Amino acid sequence: MKIVVADDSRAMRMIVVRTLRQAGLGGHEVLEAENGREALELVGEHRPDLILSDWNMPEMTGIQFLQTLRARGDATPFCFVTSEGSEEMREQAAAAGALGVIAKPFTADSFSDVLSSVVTS
Amino acid sequence: MTVPYEFDEVREDLDKLLGDVLRSVLGEEAEPLPEGVDGPPAADDDRPAVSVLAIVDDADGTRLGVRVRVTGRLAHLLAARMFATEQPDGEDLLDAVGELGNIAGGNVKALLFGSSGTARLSLPSAALGGAIVAAAVPDEAPAPAVVRAVVLGDVAELTLLPQMAADDLVWPPVVRPEVLEAQP
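If you're matching them up, the sequences are chains A and B in order. In terms of my numbering, the first sequence opens at residue 1 and continues consecutively. In terms of my numbering, the second sequence opens at residue 1 and continues consecutively.
Hint data in this document are derived by calculation from the structure and do not stem from the laboratory. What you are looking at is a predicted structure, and each value in this text was computed from that prediction instead of being measured. Keep in mind that a hint or two might mislead.
Residues from chain B that keep clear of chain A, each with C-beta distances beyond 12 Å, as calculated [as the list claims (entries may be wrong)]:
1) R11
2) A43
3) D58
4) V137
5) V146
6) G153
Some chain B residues close to chain A (C-beta under 10 Å, calculated; not the full set) [what the hints assert, rightly or not]:
7) G39
8) A42
9) V174
Ideal placement from N, C-alpha and C gives every residue a C-beta, glycine not left out.
Please construct the entire structure, taking both the sequences and the accompanying hints into account.
Put into structure tokens, the structure is as follows:
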């Protein structure tokens, strides 16, 4: 599988990849982007199987990234990994077509719960 | 939505929030410090690290600064664990402390502005040692809320600053997706 991880924090991108591994969902090709715009380009070039994206990012936010993808007819499974996990954001994410929202701080279990249906180990 | 700026009712939530964030990024238990109790002092030559964000509700102009301050030693440990390296450089420290502030800020927003559809969270601005600039808060602003915790023998501090000026911070773009879609 190819997985795009979009987050403006390099540390958080590393933690996301590490947590995937800890959740037993590792071993996949991971492509990293610093914002939604970069991630959008990666998706066009590499056709990933899953996208994990922060919400708040410079250049293009996560929700703008998701809405742009869906407007283009791209249905790649998309999950937010974000420090904001309010009900209002979860509703907005679901309405835009996200698989789910994993709120920071998170655990390997939260990754398994949301992603095990779309990521094979 | 207007945040009341009276934080006594949420002090326990803020203590828990700080502890949860520290535990998640460091993998260590954090002990909350009661109000007025001094924690262990930092080393004389320690250069603290700070991450600052703001939450702004455009509907009514509510502004709340969120500042996370840790010792330089803790910042080093944090970066070392986040990046899985023994020798994190200055950029690693800034990124790690910025992300610590980002997680805290997002959780503060969910706690205090949870039902607001108009509140926005800035991106974190992190600084080390001498580069730290005091947050700009007007004289008439309500008192800040401060919670602290001890983790790995050092103090970490979360401060909420009512009415903090937020113009100098970096904000995520507000652009409609159809505009982005139209771009090449």
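Hint check:
1. R11: The claim stands: R11 of chain B keeps its Cβ more than 12 Å from every Cβ of chain A (closest is about 20 Å).
2. A43: Holds: least Cβ distance 24 Å, greater than 12 Å.
3. D58: At roughly 15 Å from the nearest Cβ of chain A, D58 of chain B sits farther out than 12 Å, so the non-interface label holds.
4. V137: The claim stands: V137 of chain B keeps its Cβ more than 12 Å from every Cβ of chain A (closest is about 23 Å).
5. V146: holds (20 Å)
6. G153: holds (21 Å)
7. G39: Check failed: Cβ of G39 of chain B comes no nearer than 22 Å to chain A, outside 10 Å.
8. A42: violated (23 Å)
9. V174: holds (8 Å)
Hint violations for this structure: numbers 7 and 8, all remaining hints satisfied.
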